[in-house]
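Enquirer: Can you make the complete structure from the sequences, with help from the hints?
Protein chains: 2
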Amino acid sequence: MRMAELSRESGVPVATIKFYLREGLLPAGERTGRNQARYGDEHVRRLQFVRALLDIGGLSIAQVRQVIEALDAETPTHDVLGVSQGALTLPTTEASDEDRANALKWVEEVVAGRGWDLEEDDNAVAALVSSLATLRALGLRTQNEWLESYVGAAAMIAEADLDNVASLGNTESIVENAVVGTVVGDTVLASLRRIAQKHVSAQRFGSASG
Amino acid sequence: MRMAELSRESGVPVATIKFYLREGLLPAGERTGRNQARYGDEHVRRLQFVRALLDIGGLSIAQVRQVIEALDAETPTHDVLGVSQGALTLPTTEASDEDRANALKWVEEVVAGRGWDLEEDDNAVAALVSSLATLRALGLRTQNEWLESYVGAAAMIAEADLDNVASLGNTESIVENAVVGTVVGDTVLASLRRIAQKHVSAQRFGSASG
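Chains as they are written, first to last, in this note's numbering: chain A, 1 to 210; chain B, 1 to 210.
Since the list gives no way to pick out one identical chain from another, each pair is judged satisfied if it fits inside one copy or across any two copies.
Calculated cross-link-like contacts (lysine to any residue; reagent style SDA-like; alpha-carbon spacing at most 25 Å):
(1) K105 - I56
(2) K18 - R46
(3) K105 - D163
(4) K18 - L138
(5) K105 - H199
Because the hints were derived from the structure by calculation, they are not lab data.
Expert: Next comes the structure, spelled out in structure tokens:
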């Protein structure tokens, strides 16, 4: 198909497609003339992939290029996932070195034996440690059993996330599903948690309104 | 204590304390003169509570006032929690009526028997339904087992959240811990989920780098 048809098929404007071509996010089409090229279904697919990473994943152009380069180099799935998931940063909060060290020690104790990687330069670990440090600095209650339940729930969800994508077969689909699933999954989980809390609160504390 | 000492104790500037007094977020002190009043520990406590709801919970002044009014009216804990948790809104995404109706039907099937309340005017339900509709509109894989695991994990977490606060005894502490725990807990969970995903991905897909 020509560029105009590729745009219609994918819903991505021609100017944007040209930008992605220049930025190396989309492979060049098959040359058919001085100013013409032919594109295939793999280009439609790749455009959807790029849009998912940019729009839903919130990745930068440079980060998407990194993921694409890893994909095109036939890097093993786990490593491409490392690149894309590593770009999905979470907010970290201010905390003193001491509070962060204590929080990290606490997490290490609770996840002991699970074989999880807890390097502090990993954004997810930094976000976790600073969140827990914030809770403690505020004098909020943080019981061991509470964190243990979170760790158990996270392990369960991660298995479900990988189950959901593992059988997709090709790395591009797996990465797309993982990125979108991780970002949208955060909201799915947060909203289910609130719905469940409301139910448990009614059971524990009863309600005047019934 | 005088206003200046209340400010030092709580770390809240005098001008802000006066603003909270005018807005009804803080009860008046005991009058000791024309322009003087005495404040107690309950004022320090209340200031921490207000700051937690505003800064961590992201509630508006009007929403904090609603929570405080419910507290002061000795409304049952479950109902005060309903007011405060209801103010912790999640983002909803655009989705067609049909996609949302299908997503709601899917959730209803998966949570059947749990007794969870799924009213669509509840923000958490709207966020859940629009997120699932987005996943499906993008053609992403959404297996029943995947959502079932999320629902199971959310139920587990909600129990842990309520266990963590239930024994605090007074409604103000419970509400403060629940609001902060819900907001910060979202990040705790999201970061643990990424750490666990990395571990499961290494198990499933192996890694060139080890």
